[in-house]
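For reference, the chains in residue letters:
Protein chains: 2
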Amino acid sequence: MGFTEQLRHIVESVDGSIACTVMGFDGIPIETVQAPKAAREAAALELEAAWAEYANLLTQVKATAEGLKGGKLLEVLLSAERMTTLVRLLTPEHLVILGLLPGGNTGKGRYALRIAAAKLAAELA
Amino acid sequence: MGFTEQLRHIVESVDGSIACTVMGFDGIPIETVQAPKAAREAAALELEAAWAEYANLLTQVKATAEGLKGGKLLEVLLSAERMTTLVRLLTPEHLVILGLLPGGNTGKGRYALRIAAAKLAAELA
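Protein sequences, first through last, are from chains A and B. The first sequence begins at 1 in our numbering and counts up one residue at a time. The second sequence begins at 1 in our numbering and counts up one residue at a time.
One chain only, chain A, in its complex shape (with noise of 0.2 angstroms):
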């Protein structure tokens, strides 16, 4: 499977899911794909603006935990009154983000992220 059947099997599979994407520590998004009826709620909550920004402060996070002794930083979950956000690092300087609606099935959404992230990482090497 290519990006977008990964990122859409995420997408469909888990409950609530508003978008998935893959994209670079630089914000910049390589492929994104939107749960059917997502766009509108897509498009309120700003995500590509939210995604760029949260990229951005990723890479001073995970420098702070991997400078620090906590090893690599492997997932992050940010949770929101809007909306939570999962992430998954892929590569050093690639990561996987699944966003969901509040009351979304955050549990099967990390299982998710984990299980496709060595399928990403694959396609992005």
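In short, the hints are calculated from the structure, not lab data. Each hint should be verified, as a subset may be incorrect.
Where chains are identical, the list cannot tell them apart; a pair therefore holds if satisfied intra-copy or between any two copies.
Stated by the list, open to error - With a Cα cut of at most 20 angstroms, we get these calculated DMTMM-like pairs of lysine to aspartate or glutamate:
(1) Lys108 <-> Glu75
(2) Lys62 <-> Glu75
(3) Lys72 <-> Asp26
(4) Lys69 <-> Glu81
(5) Lys37 <-> Asp26
(6) Lys69 <-> Glu31
(7) Lys72 <-> Glu93
(8) Lys69 <-> Glu46
(9) Lys119 <-> Glu48
(10) Lys69 <-> Glu48
(11) Lys108 <-> Glu66
(12) Lys62 <-> Glu81
(13) Lys72 <-> Glu48
(14) Lys72 <-> Glu46
(15) Lys69 <-> Glu53
(16) Lys62 <-> Glu46
(17) Lys119 <-> Glu75
Let chain A serve as the given structure and place chain B on it in line with the hints.
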């Protein structure tokens, strides 16, 4: 229950806990409870330094989440190779942070912080 009892309850009820701290976003701890056998792990992981840095970065993550349309930031999970860090925001100036060893019970930790948050926030008011 005061701070210390609340934090001790969290550390004792969540498998894999290293330490739990109520701190300001300025990175200064108000109260910390370590798991009985976790002193060496906490020292090895340079917990205090890591958490002060995370608190500083979370100030920026919080501003980003709220400046965009995500609503108030409620919770953050950072998973690295040698430690998982769970954060729950208590007041605009304070947070509670729980460090877990890899394989610790993240789900129970998130639940314990969510349940404790209102009581801890009341103590801070």
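Taking the hints in turn, this is what the structure says about them:
{"no.": "1", "hint": "Lys108 <-> Glu75", "result": "both (14 angstroms within a copy, 18 angstroms between copies)"}
{"no.": "2", "hint": "Lys62 <-> Glu75", "result": "both (10 angstroms within a copy, 18 angstroms between copies)"}
{"no.": "3", "hint": "Lys72 <-> Asp26", "result": "within (19 angstroms within a copy, 25 angstroms between copies)"}
{"no.": "4", "hint": "Lys69 <-> Glu81", "result": "between (31 angstroms within a copy, 9 angstroms between copies)"}
{"no.": "5", "hint": "Lys37 <-> Asp26", "result": "neither (28 angstroms within a copy, 41 angstroms between copies)"}
{"no.": "6", "hint": "Lys69 <-> Glu31", "result": "neither (33 angstroms within a copy, 22 angstroms between copies)"}
{"no.": "7", "hint": "Lys72 <-> Glu93", "result": "within (13 angstroms within a copy, 28 angstroms between copies)"}
{"no.": "8", "hint": "Lys69 <-> Glu46", "result": "between (35 angstroms within a copy, 7 angstroms between copies)"}
{"no.": "9", "hint": "Lys119 <-> Glu48", "result": "neither (24 angstroms within a copy, 36 angstroms between copies)"}
{"no.": "10", "hint": "Lys69 <-> Glu48", "result": "between (32 angstroms within a copy, 11 angstroms between copies)"}
{"no.": "11", "hint": "Lys108 <-> Glu66", "result": "neither (27 angstroms within a copy, 26 angstroms between copies)"}
{"no.": "12", "hint": "Lys62 <-> Glu81", "result": "between (24 angstroms within a copy, 12 angstroms between copies)"}
{"no.": "13", "hint": "Lys72 <-> Glu48", "result": "between (26 angstroms within a copy, 18 angstroms between copies)"}
{"no.": "14", "hint": "Lys72 <-> Glu46", "result": "between (29 angstroms within a copy, 15 angstroms between copies)"}
{"no.": "15", "hint": "Lys69 <-> Glu53", "result": "between (25 angstroms within a copy, 13 angstroms between copies)"}
{"no.": "16", "hint": "Lys62 <-> Glu46", "result": "between (24 angstroms within a copy, 16 angstroms between copies)"}
{"no.": "17", "hint": "Lys119 <-> Glu75", "result": "within (16 angstroms within a copy, 28 angstroms between copies)"}
The structure shown violates the earlier hints numbered 5, 6, 9 and 11.
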